[in-house]
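Participant: Chains A and R supply the protein sequences, listed in that same order. Taking our numbering, I'd label the letters of the first sequence as residues 1 to 390. Taking our numbering, I'd label the letters of the second sequence as residues 1 to 133.
If you are wondering where the hints come from, they were derived from the structure by calculation, not from laboratory data. Bear in mind the structure is a predicted one, so any value in this text is a computation, not a measurement. Zero decoy hints are in this set.
Taking lysine to aspartate or glutamate pairs in the EDC-like style, the calculated list, with each CA pair at most 16 angstroms apart, reads:
#1 K33(R) <-> D332(A)
#2 K33(R) <-> E345(A)
#3 K33(R) <-> E346(A)
#4 K123(R) <-> D22(R)
#5 K271(A) <-> E362(A)
#6 K264(A) <-> E357(A)
#7 K84(R) <-> E72(R)
#8 K271(A) <-> E361(A)
#9 K387(A) <-> E19(R)
#10 K271(A) <-> D365(A)
A few chain R residues facing chain A, derived, Cβ under 8 angstroms:
#11 F11
#12 Q39
#13 G59
Note that beta-carbon positions come from the ideal geometry of N, C-alpha and C, so glycine has one too.
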Amino acid sequence: MHVYLDNAATTKVLPEVIEAMIPYYSEFYGNPSSFHSFARDAHKGLDDARRTVAKCLNAANPSEIYFTGGGSEGDNMILRGVAQAYRKKGNHIITSKIEHHAILHTLQELEDKGLATVTYLDVDENGLVDPEAVRAAIRPETILVSVMMANNEVGTIEPVKEIGAICREAGVLFHTDAVQAIGHIPVDVQDMNIDLLTLTAHKFHGPKGVGAVYIRKGVRVPAMITGGGQENKKRAGTENVPGIVGLAKALEIQTENLGANMAKMTALRDKLIAGVEERIKTVHLNGHRTQRLPNNVNFGIRYIESESILLMLDLQGVAASSGSACTSGSLDPSHVLLAMGISHEEANGSLRMTLSEFTTEEEIDYVLEILPPIVQRLRDMSPIYPKGGE
Amino acid sequence: MQYSERVLDHFQHPRNVGEIPDASGVGTVGNAKCGDIMQMFLKISDDEIVEDVKFKTFGCGAAIATSSMATELIKGKPLSEVEKLTNEAVVEALEGLPPVKIHCSVLAQEAVQAAIADYRAKKQQKEEAQKTE
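Looking at chain A on its own, in the form it has when it is part of the complex (with noise of 0.2 angstroms):
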């Protein structure tokens, strides 16, 4: 059996989505910038796509929407953007300790250059963040907050909308990488108070390399990418047509489907953590157990290494993480984990599994069936396993 347990890392590309980008390629090839017929078709994919999304996320207007390269290149955008853009107001920046490192390493390089004074607010054991740290961390110099929707590692769901609330009324801007939870659970920018959005296609089964971030009217980020006028001139280059159409396709039907897709990964999601936790002595679930995307489990297993489980999984056709695939083949135990008081001897093994709708029953009864043996087998090797178990 292959089980692919990986979504949050990245997911399948949906046929519906693959047949909607290939007439781009064959057909709509034209340049969206040239004065033609085919540009013109191509333009007019743009231009829906750039609807779609704007509908989804529920912004006032298209023109909101930017298309970029992906997840890492919108959270760079926007926080270079802000920082230069809002320099003669202050150069103050507030972020928690558990974001993407495409936020992380990007706000440690402005620090780095004396462009960004960084606040990293804690998270509590469920790595939550309390948006009343956020209001007590604005000074007036304060340009920008930005704090995840849903954490890619262990899957906590963060209170973006009252962090926005408060950002607003303090009239910083506030921006949230929903990379992790865009498809996943209901989003609406307007309602939520977000200024600033990051997104990514293949997170939703749209494909890789294509992204897009919402910028609210009236916030102003220069480009990052200079050369054409295209994306409003905020994002220079041949627009990604084929890829951007796709990510709209793979959003209006991740959107669609959301209140189904959610109520069936909740239920399977809860299964898997309720038979790892009545099979497995001395595990601990990572992250918040409700306010929780509906597609992650995250486990610590105490007296084992991750690597050493997913290798043993990987043998029997499961494909699962350790925390968040950029970090793999690294030896540091994640950020994230440390952040929220784990020990380094915890964060050493703990299991990240992320299903997608194409997960079924069978599936995880598989998982079930195959892991406690291997977390028996590795514990019964390790030498930090108490003698006869627990």
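With chain A's structure known, arrange chain R on it following the hints.
Facilitator: Chain R in isolation, oriented as in the chain A frame:
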């Protein structure tokens, strides 16, 4: 990152897993914080042959495979030869390791050395105890 067939074989079917209750020497290296702990148990005969060896490892696939391979390389060998075991020899026997995993082979070498040092210290203690008798 890709492991060789040999590494996967030793990971899936580790040789000499376990403990030796009356070991002549035990060596433990690494710590859980850095993600690897290796424990090596040696049974050494009077004429200094490594008669038996067992290991226990907390760590990644490479940590388990290097421990297993190290035990195979030293089992039945004279101590004088076992002392010269290098991490390169372990890597070579495993048909290579990804660069980020080379430290696992170093840990395996250190675990063997620590077990030998423990054996020597115990032996010396015993000899001194005999002298004073």
